[in-house]
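Trainee: Each chain is listed here by its residues.
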Amino acid sequence: EVQLVESGGGLVKPGSSLKLSCVASGFTFSSYGMHWIRQAPKKGLEWIALIYYDSSNKYYADSVKGRFTISRDNSKNTLYLEMNSLRSEDTAMYYCAKDGLYWYFDFWGPGTMVTVSS
Amino acid sequence: IQLTQSPSLLSASVGDRVTLSCKGSQNINNYLAWYQQKLGEAPKLLIYNTNSLQTGIPSRFSGSGSGTDYTLTISSLQPEDVATYFCYQYNNGLTFGSGTKLEIK
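Going line by line, the protein sequences match chains A and B.
For the first sequence, this note's numbering puts the final residue at 118, and the numbers step up evenly by one.
For the second sequence, this note's numbering puts the final residue at 105, and the numbers step up evenly by one.
The set of hints was computed from the structure by calculation and includes no laboratory data.
In this text the structure is predicted, and so the values were computed from the model without any measurement.
Mixed in with the good hints there might be a few duds.
Taking lysine-lysine and the BS3-like style, the derived pairs with C-alpha atoms no more than 30 angstroms apart in a straight line are [to be verified]:
#1 K101/B - K44/B
#2 K42/A - K65/A
#3 K58/A - K23/B
#4 K44/B - K23/B
#5 K44/B - K65/A
#6 K38/B - K19/A
#7 K43/A - K58/A
#8 K23/B - K105/B
#9 K19/A - K44/B
#10 K42/A - K101/B
#11 K76/A - K44/B
Could you build all of it, start to finish, from the sequences and the hints given here?
Mentor: Rendered as structure tokens:
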């Protein structure tokens, strides 16, 4: 059974940094691309980052480009999202998701909440 | 590509056939998926590539469409189908629709 579990969320002040983690199990993590997607409170969904299975390519939404960095450690079955220069508009539930072989998401974690507020 | 879902709120009775619409601002080339999100939960993949049913999803869910216009159909609405449904395109950029909230009448 595929399982994804995010952690690392919390309450931070504008301008600060935070690093999210997503531990994967139940599939060969090193064979699949992985995504981060976020959802602001009572809002829709926004894809924010993709990393290829071997970290050879990384893609970002314009809203986070230059501030967020996606990475992975295949030896630990873990996906990361390093978030810098956080803004109030980054407040959201952050989900990691497994790529379904062509840039859609076939499994999601339960999410970790990030709140950016002074 | 921007996605417009309609209606934003749908109220239907158990057993009804329900149709949700998703329209793209450009041709999506069938690279469209549907997700179900129940209150307080992560989204779940229902349909990918317009009409491919994800493993484990009940056969009452089906998808269709082409070009810019796509549809999710629930053939016989069940109480557990209460949720918000999002369409998502991966043809040009990666974007979600704003969702259709489905309620039981």
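Trainee: Indicate, hint by hint, whether the structure satisfies it.
Mentor: Quick rundown of the hints versus the structure:
| no. | hint | verdict |
| --- | --- | --- |
| 1 | K101/B - K44/B | holds, 15 angstroms |
| 2 | K42/A - K65/A | holds, 24 angstroms |
| 3 | K58/A - K23/B | holds, 28 angstroms |
| 4 | K44/B - K23/B | holds, 21 angstroms |
| 5 | K44/B - K65/A | holds, 27 angstroms |
| 6 | K38/B - K19/A | holds, 27 angstroms |
| 7 | K43/A - K58/A | holds, 25 angstroms |
| 8 | K23/B - K105/B | holds, 25 angstroms |
| 9 | K19/A - K44/B | holds, 25 angstroms |
| 10 | K42/A - K101/B | holds, 12 angstroms |
| 11 | K76/A - K44/B | holds, 25 angstroms |
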